[in-house]
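Both chains are given apart, each in its own frame, so use the hints to dock them into the complex.
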Amino acid sequence: MQSDIELMLRTKAGDDGAFSELMKRHYKGVVNYIYRFTNMRDNSEDLAQEVFLRVYRSAKNYRPEAKFSTWLYKIATNVSLTHLKGRPKNLSLDEIEETRGDIEDRRVPITDDIIYRKEMKEHIFKALEFLPEREKVAIMLCKYEGFSYEEVSEVLECTVGAVKAYVHRGRMKLIDILEPHLAKGGGYGV
Amino acid sequence: MECRSIKELIVRYSSGDLEEAEKVLVDEHVRDCTGCEQYFIRSEKLWGTLDAWDEIEPEGEFVTKFWNNVSVQENKAKAGFFGWLKGFKPNLAVSGALATVFIVGIFTFALLGPGTLDGVFTSGDEKDEIILSELDRATNSEASDLLAIYGPWDNSFDANGGMN
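Chains A and B, in that order, are what the protein sequence lines are. In terms of numbering that gives the first Met the number 0, the first sequence opens at residue 0 and continues consecutively. In terms of numbering that gives the first Met the number 0, the second sequence opens at residue 0 and continues consecutively.
Just chain B, with the same shape it has in the complex (with noise of 0.2 Å):
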């Protein structure tokens, strides 16, 4: 067997991960090969080495800083929109961007806004208001000559203006 597939073999060992007759195949190979004896020491020693890295001893009052902790958030998050309101400070540069978006927005409104458009005056308007004036009269006419049989009417106007 390869010394490659050996190393791996050796790592499973040192992990308790290997089967028995894998175990006497690694102890066989590295009975004979002193390189793969040399990385079988090195494995095995791993994870003791790294028990060098010590735990640390956390506070004792982590329980009470948690709880502190849960608190200050509940009551941060009590004092919601109100709280939030209390502690706003304006800031100079937004207030300033803020200004000059409000500005823009109304001139654009006024340039742009429904209603400024109405002055605007169309040869092709001029002709609908004509024909509109015409059917008005039209109207008006046949009216008056159908209700003629309900008549006598008088549709003179006096001089100021007025009906008589």
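Just chain A, with the same shape it has in the complex (with noise of 0.2 Å):
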């Protein structure tokens, strides 16, 4: 199998077959992230859409420096800070639940589960929007992404020494926010 800079090199000389295998490696994960980022299900896809097309745009100039996940996260986290600083601050509660696409299937049954995880969903989401943008990011690349502190590093461009502080920190926050949903457990706690 052909590593990402490999498909990457073989995009910039005109081989768009490659492209769509880098696609279908990594949309997935990318729509998710900016799921996550931004929690508008429906905006996620067209936002993932967005980050390809620029880094297809981009793939003449590309220069196997870094790793290519890594560059590509740094697009989808420029385009997801973008969309959240651009959004209307005061939506309706029926045009937010529009936007993020959570009205429910009505011919799938409601259980406890989906109703705790949806709850949940909602506090994790305003617990890591209160974070710092960086905080935020190395969080979230590091819990949901799989990166390590050193795969972050070059989104955030930082040292590793920085993004360590950056998870810390940000993990003692969430303790202190999420302190009610962690003492009842829920069954999803280590």
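To be clear, the hints were calculated from the coordinates, so they are not data collected in a lab. Some hints could be false.
[Claimed, not checked] In silico DSBU-like links for lysine-lysine, alpha-carbon gap of 30 Å or less:
#	chain 1	residue 1	chain 2	residue 2
1	B	K6	A	K163
2	A	K23	A	K59
3	A	K27	B	K75
4	A	K142	A	K84
5	A	K120	A	K59
6	A	K59	B	K64
7	A	K142	B	K6
8	A	K120	B	K64
9	A	K142	A	K163
10	B	K64	A	K66
11	A	K23	B	K75
12	A	K163	A	K27
13	B	K75	A	K59
14	B	K6	A	K11
15	A	K84	A	K125
16	B	K75	A	K84
17	A	K27	B	K6
18	A	K23	B	K64
19	B	K6	A	K120
20	B	K64	A	K73
21	A	K163	B	K77
22	B	K22	A	K23
23	A	K117	A	K66
24	A	K142	B	K22
25	B	K75	A	K11
26	A	K11	A	K66
27	B	K77	A	K59
28	A	K142	A	K27
29	A	K84	A	K117
30	A	K73	A	K23
31	B	K64	A	K84
32	A	K172	B	K6
33	B	K6	A	K125
34	B	K22	A	K172
35	A	K73	B	K22
36	A	K11	B	K64
Rendered as structure tokens:
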């Protein structure tokens, strides 16, 4: 199997099939990263399309200096942040539900587990929103994308030590914000 | 060690970033401190709790949709100026503003443009005119005197204004 960098170099040489292969590998991760970053299900695929479009357009200037995924998630972070900054602040509850795409499928029976997860999702999003940008990005990449501290340092363009500090500070804040939910247990803790 | 410092170590413990010696320190403190013990439990639960936010399953047509977007954008770029011209719809407000700017521009040009000050003749200009005509006359007579050696010249004019 070819590496991401090899596929990107083939894309640079004009091979669109290689770029399709790259997208197949990464689009699910990027869509979910943006979804968790913005908490807007409907927009996350469109924003992921924009991310890949930017990568495709800049393929001509691509130089394999860093890992492809760190470059990809750096662009995904920028697109998500730009989207969040440009979003209207005063939306009604219906509009929020609509943009999040969280209206339930009535054919699926609503269990306690679904209700718990939906509530927790809101609590987690609000808690992450409370964190400074860099702490949020560091936590999300480490937790949800499985990035190492080194990889996060490439995305955030800082030292590994700084990434560790972001993650630890972020975790401490999340423990305080999510305290009532962590005390309950809920069956998802370690 | 203070509970505040221990809490920082607890978070690093849960992140897997603690040395063995520091781990022992945390274990000993947590055994005797109920508050820090609770904090330790919450810290260990945090990462697992974040898993409650499920992943979503994106559309399977993501890649096809991407290439459709690319071809739409490329077609737009190809259309260029002529495409823009084709799709141009005059806007009443913009047209009105442009017309106003155009009319004001014409009036300003008519009032202040080149040639509008030619008609102004000052006393200084009149003196200059006199000096120039005197100089012209002197030059002509000097030239006639000098050319006389090649003469004789008949400088008289007939009654009709023609030269004889």
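Margin query: Given the hinted pair A:K23 and B:K64, is their Cα-Cα distance within 30 Å?
Written below: The given pair, whose Cα atoms are some 12 Å apart, holds under the 30 Å limit.
Notebook entry, point to check: Is A:K84 within 30 Å of A:K117, Cα to Cα?
Noted result: Holds. A:K84 to A:K117 sits at ~24 Å (cutoff 30 Å).
Notebook entry, point to check: Within a Cα-Cα threshold of 30 Å, do B:K64 and A:K84 meet the stated pairing?
Noted result: holds, 26 Å
Check: Straight-line Cα separation of A:K142 and B:K6 no greater than 30 Å?
Finding: With Cα atoms ~20 Å apart, A:K142 and B:K6 stay inside 30 Å; holds.
Note to self: Next pair to validate is A:K172 with B:K6; report whether the Cα-Cα distance is within 30 Å.
What the structure shows: holds, 11 Å
Notebook entry, point to check: Going straight from one Cα to the other, do A:K142 and B:K22 come out at no more than 30 Å?
Noted result: It holds: about 22 Å lies between the C-alpha atoms, which stays within 30 Å.
Check: Between A:K27 and B:K6, is the straight-line Cα distance small enough, at 30 Å or below?
Finding: Violated. A:K27 to B:K6 sits at ~36 Å, over the 30 Å cutoff.
Notebook entry, point to check: Given the hint that A:K59 pairs with B:K64, does the C-alpha gap stay at or below 30 Å?
Noted result: holds, 22 Å
Check: Between A:K11 and B:K64, does the CA-CA distance stay at or below 30 Å?
Finding: holds, 21 Å
Item checked: Satisfaction of hint between A:K66 and A:K11, Cα-Cα up to 30 Å -> holds, 16 Å
Checklist line | Given pair status - A:K66, A:K117, alpha carbons within 30 Å | finding: violated, 34 Å
Margin query: Just to be careful, I want the Cα atoms of B:K64 and A:K73 compared with a cutoff of 30 Å; is the pair within it?
Written below: holds, 22 Å
Hints 5, 14, 17, 21, 22, 23, 35 from the earlier list are contradicted by this structure; the remaining hints agree with it.
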